[in-house]
Structure formats: structure tokens, C-alpha cells
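S.K.: In case you want the letters, here they are:
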Amino acid sequence: MVNLSIIDKLKRSKILDLLQEGKRIDDRALDEHRPLVIDTGVIPHANGSARVRLGDTEIVSGIKVQPDRPFPDMGDKGIFICTAEILPLAHPSAETGPPQPDVIELARVVDRGIRESGMIDLSQFVLEKDKSVIGLFADCVVTDHDGNLFDACSYAAVAAIITSKIPKWEMKDDIPVLMENQESDAPITTIPISVTMGRIGEFIIVDPNIDEWGCLDARITITTNSDGNIVALQKGGSDGFTLEQLVKCSELSITIGKKIREIVKQATEGGQ
Amino acid sequence: MKKFESKKRYVLPGDFITTAPLRLQNNVVLEGKRVIATSIGLSDVSADSVRVIPLTGVYLPKIDDLVIGTIQYIFGNSWFADINSCYQGMLLGQDVFGRGSYPTTSEMKERLDTGDIIFAKIANSDRQREPLISIADQSLGKIDSGELVKISPTKIPRLIGKHGSMIQTIEASTNATITVGQNGLIVVSCDETNGLLKALTAIRMVDEQAHLVNLTDKVKKMLESNGV
Amino acid sequence: MGGRDTDVVLLDENGIRSDGRKVNETRKVTIKAGVLKNASGSAYIEFGGNKILAGVFGPRDVHPKHMSNPDTGILRVRYHMEPFSVDERKKPAPSRREIEISKVIKEALEPAVMLEKFPRTAVDVYLEVLQADGGTRCAALDAASVALADAGIPMRDLVCSCAAGKAADALILDVNNEEDQAGQADMPIGYMPNLGKITLLQLDGVLTADEYKKCIELGLEGCKQVYEIQKNALREKYFSSGDNN
Numbered sequence: 001m002v003n004l005s006i007i008d009k010l011k012r013s014k015i016l017d018l019l020q021e022g023k024r025i026d027d028r029a030l031d032e033h034r035p036l037v038i039d040t041g042v043i044p045h046a047n048g049s050a051r052v053r054l055g056d057t058e059i060v061s062g063i064k065v066q067p068d069r070p071f072p073d074m075g076d077k078g079i080f081i082c083t084a085e086i087l088p089l090a091h092p093s094a095e096t097g098p099p100q101p102d103v104i105e106l107a108r109v110v111d112r113g114i115r116e117s118g119m120i121d122l123s124q125f126v127l128e129k130d131k132s133v134i135g136l137f138a139d140c141v142v143t144d145h146d147g148n149l150f151d152a153c154s155y156a157a158v159a160a161i162i163t164s165k166i167p168k169w170e171m172k173d174d175i176p177v178l179m180e181n182q183e184s185d186a187p188i189t190t191i192p193i194s195v196t197m198g199r200i201g202e203f204i205i206v207d208p209n210i211d212e213w214g215c216l217d218a219r220i221t222i223t224t225n226s227d228g229n230i231v232a233l234q235k236g237g238s239d240g241f242t243l244e245q246l247v248k249c250s251e252l253s254i255t256i257g258k259k260i261r262e263i264v265k266q267a268t269e270g271g272q
Numbered sequence: 001m002k003k004f005e006s007k008k009r010y011v012l013p014g015d016f017i018t019t020a021p022l023r024l025q026n027n028v029v030l031e032g033k034r035v036i037a038t039s040i041g042l043s044d045v046s047a048d049s050v051r052v053i054p055l056t057g058v059y060l061p062k063i064d065d066l067v068i069g070t071i072q073y074i075f076g077n078s079w080f081a082d083i084n085s086c087y088q089g090m091l092l093g094q095d096v097f098g099r100g101s102y103p104t105t106s107e108m109k110e111r112l113d114t115g116d117i118i119f120a121k122i123a124n125s126d127r128q129r130e131p132l133i134s135i136a137d138q139s140l141g142k143i144d145s146g147e148l149v150k151i152s153p154t155k156i157p158r159l160i161g162k163h164g165s166m167i168q169t170i171e172a173s174t175n176a177t178i179t180v181g182q183n184g185l186i187v188v189s190c191d192e193t194n195g196l197l198k199a200l201t202a203i204r205m206v207d208e209q210a211h212l213v214n215l216t217d218k219v220k221k222m223l224e225s226n227g228v
Numbered sequence: 001m002g003g004r005d006t007d008v009v010l011l012d013e014n015g016i017r018s019d020g021r022k023v024n025e026t027r028k029v030t031i032k033a034g035v036l037k038n039a040s041g042s043a044y045i046e047f048g049g050n051k052i053l054a055g056v057f058g059p060r061d062v063h064p065k066h067m068s069n070p071d072t073g074i075l076r077v078r079y080h081m082e083p084f085s086v087d088e089r090k091k092p093a094p095s096r097r098e099i100e101i102s103k104v105i106k107e108a109l110e111p112a113v114m115l116e117k118f119p120r121t122a123v124d125v126y127l128e129v130l131q132a133d134g135g136t137r138c139a140a141l142d143a144a145s146v147a148l149a150d151a152g153i154p155m156r157d158l159v160c161s162c163a164a165g166k167a168a169d170a171l172i173l174d175v176n177n178e179e180d181q182a183g184q185a186d187m188p189i190g191y192m193p194n195l196g197k198i199t200l201l202q203l204d205g206v207l208t209a210d211e212y213k214k215c216i217e218l219g220l221e222g223c224k225q226v227y228e229i230q231k232n233a234l235r236e237k238y239f240s241s242g243d244n245n
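Chains as they are written, first to last, in the working numbering: chain A, 1 to 272; chain B, 1 to 228; chain C, 1 to 245.
Bear in mind the hints are in silico, worked out from the structure with no lab data behind them. No experiment lies behind these values; they were computed from the predicted model shown. All C-beta atoms in this analysis are idealised placements derived from N, C-alpha and C, irrespective of residue type, glycine included. Some hints could be false.
In silico DSS-like pairs for lysine-lysine, Cα to Cα no more than 30 Å straight-line [said to hold, decoys possible]:
no.	chain 1	residue 1	chain 2	residue 2
1	A	Lys-129	C	Lys-231
2	C	Lys-37	B	Lys-220
3	C	Lys-214	C	Lys-91
4	A	Lys-11	B	Lys-155
5	B	Lys-7	C	Lys-91
6	A	Lys-131	C	Lys-37
7	C	Lys-197	B	Lys-33
8	A	Lys-259	C	Lys-37
9	B	Lys-7	C	Lys-65
10	B	Lys-142	A	Lys-11
11	B	Lys-142	A	Lys-23
12	B	Lys-8	C	Lys-224
13	B	Lys-155	A	Lys-14
14	B	Lys-150	C	Lys-65
15	A	Lys-168	C	Lys-231
16	C	Lys-90	B	Lys-8
17	A	Lys-9	B	Lys-62
18	C	Lys-37	B	Lys-142
19	C	Lys-117	B	Lys-150
20	B	Lys-218	B	Lys-162
21	A	Lys-9	C	Lys-65
22	A	Lys-14	C	Lys-90
23	A	Lys-14	B	Lys-33
24	C	Lys-237	B	Lys-155
25	B	Lys-33	C	Lys-90
26	A	Lys-9	B	Lys-109
27	A	Lys-165	C	Lys-224
28	A	Lys-9	C	Lys-37
29	C	Lys-117	B	Lys-7
30	B	Lys-221	C	Lys-237
31	B	Lys-33	C	Lys-91
32	B	Lys-121	A	Lys-11
33	B	Lys-221	A	Lys-9
34	C	Lys-237	B	Lys-8
35	C	Lys-37	A	Lys-11
From the structure, some residues in chain B lie toward chain A, with a derived Cβ separation under 7 Å [what the hints assert, rightly or not]:
no.	residue
36	Thr-70
37	Gly-115
38	Leu-148
39	Val-213
40	Asp-217
Construct the entire structure; sequences and hints are all you get.
M.R.: Structure, rendered in C-alpha cells:
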């Protein structure tokens with residue numbers, strides 16, 4: 001569990017005062033995200049990889065593709081699993097040991113955002129129906145925690161998936177055999193982009209940094225696909241949103257999602 | 001016998017400094033006859049002693065040091081504060097409410113609550129338990145406003161300067177009030193935004209360049225210029 | 001030739017290894033100090049194809065309290081491999097191998113760190129293997145030393161590390177992944193050059209008494225080369241753009 005709750009009072013009151021003037025402690029506008037840097041191919045031995053810096057938050061995501069058995073009721077689809085882990089070196093309060101609820105939520109929200117969008121055409125991952133399929137694992141690790149792990153992990157996984165190379169297997173005597181040097185691009189149908197927003201009082205801020213995160217009344221992560229439709233969302237935090245605020249958040253997630261999608265496309269050019 | 005090196009030298013842990021029989025001060029260790037550095041820093045050999053001035057490292061509480069802390073929680077009759085060290089500072093309820101008093105938790109919360117920032121003195125530090133801190137002095141107590149900044153505790157002596165020269169230069173030039181904790185925490189208040197920005201920049205410069213020779217001039221130059 | 005059957009030629013007739021190196025050559029090593037914002041000290045190392053991140057916190061409070069030592073700070077090390085770091089995806093939970101390596105690295109660092117000034121605290125060293133390519137524990141130990149110095153933990157010396165071994169009947173320096181799988185011996189070594197103390201030593205494989213001594217000597221040569229790279233990484237962060245050197 002990462003305990004961010006003890007934020008000093010001076011900083012909290014500064015954050016609140018600045019919001020009244022429409023400003024934030026790092027000089028951003030309320031609907032502005034931090035500088036986003038995406039590098040791909042950082043783990044050459046993996047099937048795909050990306051490192052994302054969102055402000056000072058840093059995530060590394062690696063893709064492993066290997067043959068697997070399909071889920072019992074989905075014999076005509078490959079497997080996609082996305083995990084996320086906060087490494088103990090990412091923050092002084094990050095602990096070792098089995099994942100705590102906040103990390104489990106992080107992993108599941110990132111996974112759902114990508115899965116529900118249908119980003120990967122899993123029907124192309126079948127080697128032999130009901131027997132053998134291709135499994136794609138996207139594992140994200142947080143190496144530096146400065147707030148908003150939801151978006152940073154999602155961008156890292158998405159960029160890694162887009163630029164990953166899928167090996168070719170052929171069934172021989174019921175066993176998948178690797179065909180060397182016959183890799184192909186991942187079958188991508190859309191690019192899901194998540195946008196996380198927080199509410200402090202009546203103000204909605206996009207991409208809260210770690211100081212703002214400690215002051216949030218509530219937060220919401222909304223994922224949109226390349227068509228501008230909403231494919232997944234998750235509300236978190238101990239307070240709520242009004243309907244108006246939720247509508248505003250959805251609008252922000254679409255416009256900002258579009259901008260970030262362009263950044264992801266540029267960073268993954270040549271990969272897809 | 002190795003001759004004395006009066007010039008300061010950059011050293012890393014494990015680096016040899018001298019073999020002269022000298023009194024060992026901070027961040028050095030004797031291996032056989034050799035004095036070895038144990039920290040990244042500047043070796044300082046004088047006529048009768050040797051030490052390394054560290055460039056990195058955690059703050060270790062020393063009695064009478066002035067520090068800035070953040071209240072973490074209340075337990076028993078004491079507040080416990082994060083003083084940017086490997087130990088928490090313990091502030092007795094009696095220090096605030098008077099000797100022999102037994103304040104209730106809600107009375108204590110009213111005076112100082114979680115997240116409050118205090119300017120305190122290290123009253124006792126014996127390594128056997130948490131260091132005791134005190135805010136009994138006039139100039140100490142809760143800090144209500146300003147910006148809290150953290151730099152490496154090893155750079156604080158440079159920020160203060162000889163007889164306070166550096167800190168006074170910054171305050172005079174910016175009209176800011178700067179409260180400096182030996183533990184690397186600093187609170188800056190200033191009515192003018194520009195003054196505040198300059199003071200923060202000066203502090204940042206010291207944190208990054210404390211070991212360089214012409215730092216004072218560079219800081220003065222920045223303070224006198226129009227921008228940062 | 002010894003070891004497992006392999007198509008790979010571990011050592012050709014010109015004394016060149018499968019990756020083009022000579023028998024007494026290490027792979028390329030780069031180290032950067034101070035790469036993380038939150039950790040008190042950190043380092044990133046690339047040792048051949050190994051990519052490892054080291055983060056240090058402390059000295060800091062120990063929980064649970066009964067694990068703390070009233071006379072001195074304690075050192076805790078966690079060596080961990082990411083799921084995507086190896087050929088076949090590894091499950092995130094710590095394996096027995098990782099737990100053993102964590103212990104071995106801790107015991108390699110303990111003679112170097114001086115924690116008597118910090119009773120009842122702990123120094124935590126976290127080593128994350130992002131990509132593995134043979135010799136991860138050596139590379140991780142190299143990064144750990146730099147991260148500890150970066151955090152300002154008092155140390156008698158940096159601990160440097162490199163493996164030596166035997167493949168195709170020849171003693172080789174810095175065993176890579178292929179040589180580890182198909183070779184005859186792998187010996188990771190951790191060393192404090194200032195004190196001449198070897199603080200990490202393990203052996204996988206078979207060596208004669210004479211080979212054993214020569215193998216350690218060869219390994220120490222590699223360790224000393226890495227020692228210079230570790231020092232330069234720290235010099236670059238702390239002493240560069242300084243006129244006092």
C-alpha cells in the first residue's frame with residue numbers, strides 16, 4: 001500500500017488557494033496533463049516494450065507472447081492479460097509482499113481499459129481452436145511514483161502492445177512449434193487512451209500529480225477508443241461526483257484522449 | 001611519511017586520504033594505518049584532524065539543532081513528527097502544555113494536528129530512542145504560512161553561509177523570510193511573487209552547486225538580475 | 001567440449017567466444033547514478049544485455065519493530081525479476097532463486113556498509129531486473145553499491161562484481177547467458193578492492209584446484225574494471241562541472 005495521506009498542510013492550502021485562481025502548483029492549467037515521453041523497444045529481449053514518463057512518474061511495460069491454453073468458454077480467442085505492480089523502489093511507502101487493494105485496482109482498471117476496447121484482435125491468436133492459442137501478457141512496473149499511475153501504466157502498455165512483434169507458431173503433432181524469423185505486427189483494431197481526472201472541491205483537474213492526489217475528494221478514469229467512444233471507466237476515492245461533473249469529465253476524456261492518442265501514435269510510428 | 005594535503009579533494013567511499021596520525025572526524029575510517037573516506041564528498045585534512053564533508057546523506061539529529069518537522073500522529077502524550085531523518089522527532093505534550101500536565105488527545109489535536117508544520121529544537125538525542133524535540137522557545141512553534149522546500153541536509157551549512165552571510169544576502173535581496181532547518185527543510189514566505197521565486201531559485205542553486213567555488217557570486221548575480 | 005549439447009560454438013580456433021569477445025574480456029558496462037526521483041539513492045546498470053535498476057531507501061524506521069536491532073541499522077535486500085525480463089514469462093511472485101540471490105547480495109554488501117551510527121533503522125536495497133542476460137546477480141550487486149553510495153550510506157568501499165567461469169575447456173571472464181547454459185563452470189564474485197576482501201562467491205560446475213585459483217584471479221580482474229566504471233558514475237553525478245578535482 002502506498003500511503004500518500006500525510007500531505008503537509010502548507011502544501012494542501014497552497015493547492016486549494018491556487019485552484020481558486022484557476023491555477024495549479026506546477027503551473028499547469030486545470031485541464032492540462034504533464035509532459036508525456038514515450039520510448040519503445042527499451043527491453044529488446046521482450047516481444048514489445050515501452051517506458052513512459054508522465055511528469056516524474058515512470059513506468060516500464062514489457063510484452064511477452066507465448067503459446068497457452070484458451071479459457072474454457074473462449075476456445076476461439078487468444079489470451080490477453082495485463083498486470084501492474086508498484087515496485088518498492090518507486091516510493092518510500094511502497095511495500096513488498098502480496099499486492100494491496102490499491103495496486104490490484106490499478107492493474108484491473110488498466111487491463112479493462114485495454115480489453116474492453118477490443119484493442120487486440122484476439123481471434124487472430126488462435127493456433128488450434130479450443131486447444132492452443134497465443135497469449136499476450138502486458139506487465140507494467142512502476143519505477144517512480146509521482147501520481148496518476150492509471151494513465152501512465154495504460155500508455156506504457158498500449159505503446160508496448162502497438163510496437164510488439166508476434167512470433168509465428170504452427171501446430172505439429174498437437175504441439176505449437178515456433179517458426180523462426182516469421183514475426184508479424186500485433187493485430188491492433190483501435191488505440192484506447194485513458195484519462196484520469198480528480199475533483200478537489202468544485203474543481204476538476206486532469207492528470208493529478210502526487211501532491212494533488214493526496215488532496216482529491218474523488219477521481220475518475222475514463223478510457224476512450226479511436227472512434228471517440230467511451231469503452232471503460234472507474235470512479236475512485238471516498239467522495240462522489242455530480243452528474244454535471246461526470247458529463248464534463250467525459251468531454252475532457254474525449255478531447256484530451258484525442259491529443260494523447262496523437263502522442264502515442266507518433267511515439268509508436270513504424271511499429272504499427 | 002605522507003605530507004599533509006591542505007587542499008580539499010573530491011573523494012568516494014573507499015578512497016584513500018592520508019596515512020598521517022590524525023584525529024578522525026566525520027565520514028572517515030581507519031583501515032590499518034590508512035585513513036579512508038566513507039562518503040562521497042570533499043576530504044578536509046587539517047593540522048590535527050581529518051574529515052570528509054559529505055555531498056549526500058540523511059540528517060542525523062544533533063542536540064540544539066533547529067529543525068522543521070511535519071506532525072505525523074499523536075500517541076500517548078506526545079506528538080511524533082517527521083524531521084527528514086531516520087528517526088522521528090518526539091514532542092512531549094508537557095513541552096507545550098506545561099510540566100506535569102496530561103493533555104487529552106483532542107486538546108493536543110487542537111494545538112497541533114497531523115500535517116501541521118513546526119520549527120523546533122532538538123532537545124535530546126541519545127540514539128536509544130526517538131530524539132526529543134521542543135518548541136518551548138519564542139521563535140519556535142507552528143508555521144502557518146509559506147512554502148516548504150526540501151534540499152539535501154548536507155547543503156544547509158552552505159545555504160546559511162559564514163555567519164549567516166548567504167541566507168542574509170538572499171533575504172535582503174528578495175524581502176523574503178526564510179526559516180532554515182538543519183535537517184534540510186526550509187520554509188520561505190514572501191509577499192511578492194517575484195521575491196518568492198528568486199528566493200526559491202537561490203535555494204535550488206545552493207542545493208545543486210554547494211560544492212563549487214564561485215557559488216556566492218552566481219547567486220548574487222541571479223538575485224540582482226531581473227528574471228530568474 | 002563440456003556442458004549441455006549446443007550448436008553454438010563457445011570458443012573458436014582463434015580464441016573468440018560466441019559473442020565476439022576474447023577469453024579475458026567483459027561485456028560492455030554502463031552505469032548511471034541517481035536516476036530515480038523518490039528513492040534516496042539509485043543507479044541503473046547495463047551489463048551486456050542485463051538491464052537492472054537499483055533503488056535505496058534509508059536509513060529508515062523498521063516495521064515490525066521486533067526486526068530492528070538496538071545496536072545498529074540493518075541491511076535488507078530484495079532482488080526481483082520482472083515478468084518480461086526472461087525468455088519465458090516469469091510470474092511476479094518471488095521465486096526461491098530470487099530469495100537466495102537477495103540473501104547472497106545482502107551478505108556481499110554487509111561488510112561494506114557501516115550502519116552502527118543508525119541503531120533501530122533499516123537500509124532497504126531494491127534491485128529490479130528489467131532484462132536478464134546471464135550474470136544478473138553480479139550486475140545487480142554493482143548497481144546496489146552505487147545506489148548505496150548515492151544515498152549517502154557510509155561505506156568502507158564500493159563492492160564490485162563480475163563472474164568468471166569455464167567454457168570449452170578455457171577459463172573465461174564474464175559468463176554470458178549462452179555460456180552459463182552450455183559451459184562447464186560459472187563463478188560470480190563480489191569484491192572490495194580497497195580491503196582486498198571477497199564478499200560474494202558462488203560456484204556452479206566443476207573446476208580443478210588450479211583452475212579454481214586462476215578463475216578467481218581472472219574474475220577479480222573483471223571486478224576491478226567494473227569498480228572504475230562504478231566510481232566514474234558517481235564522479236559524473238557529484239563532481240562534474242566542478243573546478244576542484
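S.K.: Mind listing which of the numbered hints don't hold for this structure, in increasing order?
M.R.: Result: hints 1, 3, 5, 6, 9, 15, 16, 22, 23, 25, 27, 31, 33, 39 and 40 break, sorted rising.
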